[in-house]
Amino acid sequence: MIKGNFIDNLPKVYGIYTGGFLAFIIIMSIAEQMGMTAKTIGICFVAFTVAIYAIIGYLSRTAQADAYYVAGRQVPTVFNGMATAADWMSGASFVAMAGGIYFKGYGYMALLVGWTGGYVLVASLLAPYLRKFGCYTVPDFIGTRYGGNLSRFMAVVVLTVASFTYVTAQINATGTIASVALDIPFQYAVYVGLISILLCSMLGGMRGVTWTQVAQYIVLIIAYLLPVFWISNKMGAGFFPHFMLADEVSRIAELEAQFGFVKNSAENLKEVPKGLAGITKAHSAVNATPWAFISLALAMMMGTASLPHVMMRYFTTPSVKAARKSVGWSLFFIFLLYSSAPMLATLSKLSLIDPSLPTGIIGKSIAEVQSIDWYQNWNQANLMFVSDFNGNGTLELNEFFMGGKAVVLATPEIAGLPYVISGLVAAGGMAAAMSTADGLILAIANAISHDVYYKIIDPKAETAKRLVVARVLLVVIGFAGATIAALEIQGILGSVIWAFDFAMSGLFFPLVLGVWWKRANKEGAIAGMFLGLVSGAAYLVWVRTGGSGFLGITQLTFGIFGSAVSLVAMVVVSLMTQAPNAATQKMVDEVRVPSGKSILGKQH
Amino acid sequence: MSKQEQHWEKSKGLLMMTLAIWFVFSIGIFLFGAEMNEVTGPFGYPLTYWFTCQGSLGIFVILIFWFANRQEKIDEEFGFSERGDD
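These protein sequence lines are chains A and S, in that order.
Just add 21 to wherever you are in the first sequence, counting from 1, and you've got this note's numbering.
Just add 180 to wherever you are in the second sequence, counting from 1, and you've got this note's numbering.
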């Protein structure tokens with residue numbers, strides 16, 4: 022059926038795959054009509070998709086260093102864009118983002134702007150130059166540009182702190198979805214999730230992760246867009262929600278004015294299960310100060326440009342030119358999901374609070390709401406709660422509570438879509454969390470195996486031995502992440518945002534100045550990474566332990582402080598010490614032009 | 181000035197322009213979020229709300245492709261573009 026090499030046939034291969042997946046959805050919906058239970062459908066969706074990823078992971082197995090570390094540098098622009106989008110959009114984007122917008126409105130939407138605007142920085146400041154450099158990992162760039170094992174090692178430390186914070190959240194998300202879909206306890210589901218993740222990356226490294234991430238993107242984008250369009254059409258809100266929800270948005274504002282935001286007493290709120298929230302903020306009005314919005318967006322943008330698992334995706338393109346274009350495609354594929362999240366939040370909110378809609382529950386009697394099927398299901402799952410605080414027997418806006426995840430997970434059911442959609446959404450969430458976890462675990466394991474083991478400890482190691490070390494590390498880091506995830510210390514979204522702040526504190530300026538400021542030297546970079554990370558972390562601890570903070574920098578934006586310290590330290594120390602030698606200066610010149618050989622050889 | 185220096189000057193100019201546009205739509209307009217939201221934007225959404233949902237995001241996508249094309253032109257002009265593959 023397919024002739025020639027794999028790369029030339031990519032559109033065909035993934036075309037067939039997409040068709041197959043759509044056929045699977047149709048088969049499942051027929052099975053639902055014939056009486057298949059909701060639980061079986063959920064299991065089928067998750068098991069089927071994970072099995073496909075595992076097969077792709079197996080077929081991509083490799084014994085070559087450049088295939089393992091950078092997928093042989095032959096991933097075409099558009100496909101690398103899809104893979105990056107899957108790498109990027111985590112369980113948080115998929116499951117929690119629409120919920121965040123639903124509850125917090127404008128103040129939360131700084132994340133939307135931040136998580137997309139960061140790609141402009143990636144494209145213009147970093148990606149093409151790091152691609153030209155020809156490195157395998159981000160610390161590889163730092164270590165070669167600045168020289169010395171200490172700078173390389175510091176970069177590995179920052180990378181590990183940031184990525185590890187992030188990965189526990191992703192394994193947590195895979196565990197949550199696996200435990201719901203497969204109906205097993207969370208503590209075991211975490212390891213089921215982990216094994217699925219390792220199946221994709223163990224044998225093929227970056228090559229395996231690339232091709233599974235493309236497959237995962239296709240699943241997650243179908244799983245996100247299909248319900249949004251379906252619900253919008255079913256509600257009669259418009260067949261293309263993105264352009265047609267203005268009436269719904271203003272209707273929500275009208276209802277908010279009518280109901281008012283009644284503040285609940287602390288005593289009443291004690292009844293509400295942990296993690297659930299009510300609607301307390303306006304949907305489309307500006308509800309945050311400019312600085313609160315801008316500081317969060319800025320932290321996320323600079324964090325985006327410093328996160329190694331994103332950057333290393335652009336090491337896999339065939340050329341510098343392709344790396345630049347590929348950033349554009351990545352953001353385009355991300356845009357498809359991000360621009361749909363506010364629409365989903367709008368549809369979800371209106372269908373719940375508008376008394377004139379059949380699905381609306383505000384204004385109904387408490388007893389009536391409590392007898393609704395979906396309410397009982399989600400109440401049992403600890404994601405919904407109502408209570409008659411004022412004792413008038415009817416449900417008010419301030420008496421209805423929901424978990425953030427419920428917006429994505431429960432809205433299809435509330436809107437009366439068939440269960441097959443809920444199964445699809447579970448598969449999509451699983452794909453989103455798995456793809457990001459894969460990218461992150463690989464980033465950490467590659468940095469330690471390539472930069473610490475091969476470059477620092479044993480530079481004479483043979484390829485076979487290096488790849489064994491890389492794979493052992495992959496498993497070890499995965500299990501460490503899963504063990505911490507099983508403890509459930511931090512919420513999913515909180516740890517994701519921290520990861521961005523850690524990354525920007527330690528890596529943003531050392532990376533950017535490495536390309537854009539020739540005078541930056543080793544001592545400066547080490548000071549920048551070390552003081553940036555330490556001061557950012559110290560600020561976080563200070564605010565978490567009751568510190569008041571300053572300049573409105575919160576525990577979500579501590580990277581602004583960390584990176585400012587990093588910049589000052591790097592500039593001051595660089596200027597106080599010797600300028601980089603002529604060879605280094607020449608290297609920077611070469612990085613700045615796309616033509617010619619890469620700085621590091623093909624196999625290094 | 182050598183060819184390489186000229187190339188870098190032009191690249192820096194493009195970077196500055198790209199970052200200026202980026203700054204306006206990621207930071208600048210949100211200084212006036214409350215005022216702007218009184219205005220009705222595209223498709224009838226409140227303007228600031230529209231920018232956070234679609235506007236800024238879409239502009240970033242276009243901006244990156246525009247930047248990539250301009251940079252390619254600069255590279256070609258000075259003979260620094262890569263041969264062959266894309």
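Hints are computed from structural coordinates only; laboratory data are not their basis.
Among the clues, some could well be false.
To be verified - SDA-like cross-link-like pairs, simulated, lysine to any residue; straight-line CA separation at most 25 Å:
| # | chain 1 | residue 1 | chain 2 | residue 2 |
| --- | --- | --- | --- | --- |
| 1 | S | LYS253 | A | VAL99 |
| 2 | A | LYS539 | S | GLY235 |
| 3 | A | LYS255 | S | LEU194 |
| 4 | S | LYS192 | A | GLN606 |
| 5 | A | LYS539 | S | LEU194 |
| 6 | A | LYS302 | S | GLY235 |
Only a predicted model underlies this, so the values are computations on that prediction, with no experimental measurement involved.
Each hint tested on the structure:
no., hint, verdict
1, S:LYS253 to A:VAL99, "holds, 21 Å"
2, A:LYS539 to S:GLY235, "violated, 36 Å"
3, A:LYS255 to S:LEU194, "violated, 47 Å"
4, S:LYS192 to A:GLN606, "holds, 17 Å"
5, A:LYS539 to S:LEU194, "holds, 19 Å"
6, A:LYS302 to S:GLY235, "holds, 22 Å"
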